[in-house]
Amino acid sequence: MAAILAAASVFAQSSKDRLSELEKATVEEDTKPAKQEKEFKLFDVTGVSEMGFGLNLVKEDQFAHGIKGNKSSDFFINILELSFNPTKWTSITLGANLDWTNYAVGPANYFHGVPDGDSRKLDLTPVAEGMNYTSSRLHVFSIAVPLALGLHVGSISLRAGAEANFRLKSNVKYEYRDANNDLFTVKDSTPTGLNKFALDYFASLNIGFIGVYVKYFPESISPAIPMHCFTAGIVLNAR
Amino acid sequence: MKRIAVALLLSVMMILPGQAQDFLKGKVLKIDMSDTIAEKGSESSPFNLDLGLPIGGLSGSRVSLLSLERALEKAAKDDEIAMVYLNYDKLNAGTSALEELRECLARFSASGKPVIAYGAGLSNGSYYIASVADRVFMHPKGSGTLNGLGTTQFFLKDLLDTLGVEVQLIRHGKFKSAGEMYIRNNMSPENRRQYQELEESVWSGMVEQMAASRGVKTEDLRGWIAGLELGTANTWIDKGLIDGLKYKDELEQYICHLFGTTNPDKVKRIDIREYASKVKAGSGDKVAVLYADGEIAREGNQIAGEKFAREVEKLRKDKSVKAVVFRVNSPGGEVVAADIIRREIELLGKEKPVIASYGAYAASGGYLISAGCKKIFVDNSTLTGSIGVFGMIPNVGGAVRKILKVNVETVGTDPHAGMGNLFQGLNEEEQAWYQKEIEGIYSDFVNVVVAGRGMTYEQVDEIAQGRVWSGKDALVNGLADEKGILLDAIEAAASEAGLSKYKIVTYPQQKSFMKSMREDSRKDLPLVRTVMEPGFKAMTLMPLVTFDPEFVL
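Residue numbers (the numbering used here), protein chains in the order written: chain A, 1 to 239; chain B, 1 to 553.
Hint data in this document are derived by calculation from the structure and do not stem from the laboratory. Glycine included, every Cβ here is placed at the ideal spot set by N, Cα and C. Hints should not be assumed to be uniformly reliable.
To be verified - Here's a subset of chain B near chain A, in silico, CB distances under 10 Å, partners left out:
(1) M83
(2) Y85
(3) N87
(4) R135
(5) Y247
(6) E250
(7) T262
(8) P264
(9) K278
(10) A281
Claimed, not checked - In silico DMTMM-like links for lysine to aspartate or glutamate, alpha-carbon gap of 20 Å or less:
(11) B:K25 <-> A:D17
(12) A:K24 <-> B:E462
(13) B:K268 <-> B:E252
(14) B:K25 <-> A:D182
(15) B:K25 <-> A:E29
(16) A:K35 <-> B:E252
(17) B:K266 <-> A:E23
(18) B:K266 <-> A:E29
(19) B:K27 <-> A:E23
(20) B:K280 <-> B:D265
(21) A:K88 <-> B:E80
(22) A:K32 <-> B:E274
(23) B:K268 <-> A:D17
(24) B:K352 <-> B:E462
(25) B:K352 <-> B:E496
(26) A:K41 <-> B:E80
(27) B:K374 <-> B:D271
(28) B:K25 <-> B:D271
Said to hold, decoys possible - Some chain B residues flagged as far from chain A (calculated, every beta-carbon gap over 12 Å):
(29) E73
(30) V84
(31) T151
(32) N186
(33) S188
(34) G215
(35) T218
(36) G260
(37) E311
(38) G349
(39) K375
(40) Q424
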């Protein structure tokens, strides 16, 4: 009852009287920096909010294909993100990413295109005996549409979700030396046989503007090439 | 009893000096914008999106009065808001909007939260609103004065005579001043009296409020105004009309002090437009705010009779709308268009409560369309009444002969075939006919007010005669019911409909940005429209009048 009356008495005080009291009060020098607070918006639209770079790692049973984890890489950049923030700590985001993935193999196997009617179909096969392949890679450009749930506590944020991956362009390149040790480079643009669409999964953990991410590709890049990768790397974000 | 006494004693003890350390907590709500405060905002414009670019406050951008009122109403109860900071230099609003905003700030201050006003230049409008603040500060080199309200009118009779243009003005109402500028070289005594009393009514109300807020005597303030005793910042301080002189950085430090800190970064601020955008419209059944903003005409971009009537019909048929606030801000316009709207409002009023709320003007046609509402809310400074009608027929035949050396003759089948022709004036018989028509329209107008206000014909006729009244006087003579801001009218409408919870929606509904851009690009000055439209139109500088004839309220 006293607390209620005390509270009521504060509000009974006019704003002018309150100001008069505050003006007379002593305020000590305040040297502590202000806490930076991010403005909360229920809906937000941002562009170029994130970019990441990682290395492709493969499931153990794929080692037979000779995927070079240290040279198979993935780079992506987010160009648009729509976020719905039901609370200060949670978010649902839908984005659009540009993704460049590089798969390097060798020396026992190589990517190449094999004739398939009028086009050339992607394949990964063992090198012919006596051939000396120095490098071989498959480069894929895709647009990904990630949908993620986010949890944010202070400067730490955890996101996880699925990504619809639309593989738009690819090309293969391989190099080999012949018996005379001459170096030959062969490029094959846009071979067919690539899975044009895939659903991948990802998660990231950020502290401030930097973090780590993992992506898992449960589907192979091609029916002819049973290769399941996951990527792990560093992500920079500007949210 | 004992327990109550102990509780009281404890609470009194808690009010003792220890309370002074209860610094402000929350954010500063900033009213620091150059946007025009209008009836309807321009929130549909993409320039109002927060793109993080410094393009807010583009000239021509408007913020709606309703959104500001609702923001301040919410802020008074919101723990997140600790105080209001008002920059009175930049405020861009008419007297009525200022009055309503002032009232909202007073209510905010009454909740126990302070209002601080700051600027460098004080004038009638800026001091009127600043004076409601708990503290008014000025830049040390600031200045300004209060000089009262005045009206400047131009009279063109001599010019028109020189050019050979004759204007025939037919009217009912000795106070119906519209059109006098074309037929006289000076103000008529009735017109002069009308303006004098009107201005005094509005200004005296403003001065009383300013004096009361500052704790000075009204007669003292009037004396200082009449004696031009206000000028530099020190003169304002000496008379107790402001509280101090501060540079911007000193003001920042003052505000920080109120929050118990010396670090400006620790005092959070939020712009009132941003805060207003987060105020929810409410939930449940709807109370519609129907805006009639502008001149009334058959067609056009302002209040277009048929088009507006369709909006009203939509409201009538919308079952989710339980009550309507008819927000009128119109100086009048064409008779037929006004009556079309009046009729639709009457039909609407039969199905749901319609409360009128007046802005800067609800005069002439603006009054006609709303006189039948259940209740009328006004501001003291609203201009209303002007229950009268006039018609204006220009005759440029003389000018054409004199200047262009062109002679014009008309041949017709009947004696009055060329009546209202731009090149010949009305003869006596034709003038008498017009006068009779005007008297009929005037009588109809008065009868609308009689029916709407529950007064007798004689009572209305006495206060009609084309006379313009302030809202303050309208409350006395029966043309209005209550003094109140738009929010009060909304509350009253909801109460009439028995709603304790409601959602506020506005009509006409906001056009998309692209549509309003296309329509705004076709908006012309009346003079230009005259030249571009086919057929003969009378050239005037006032609401468009044709020779058809179209009478104007």
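* Check each numbered hint from earlier against the structure, then list the numbers of those it violates in ascending order. => Hint check: 2, 3, 5, 6, 10, 12, 14, 20, 22, 23, 24, 27, 30, 34, 36 fail, others pass.
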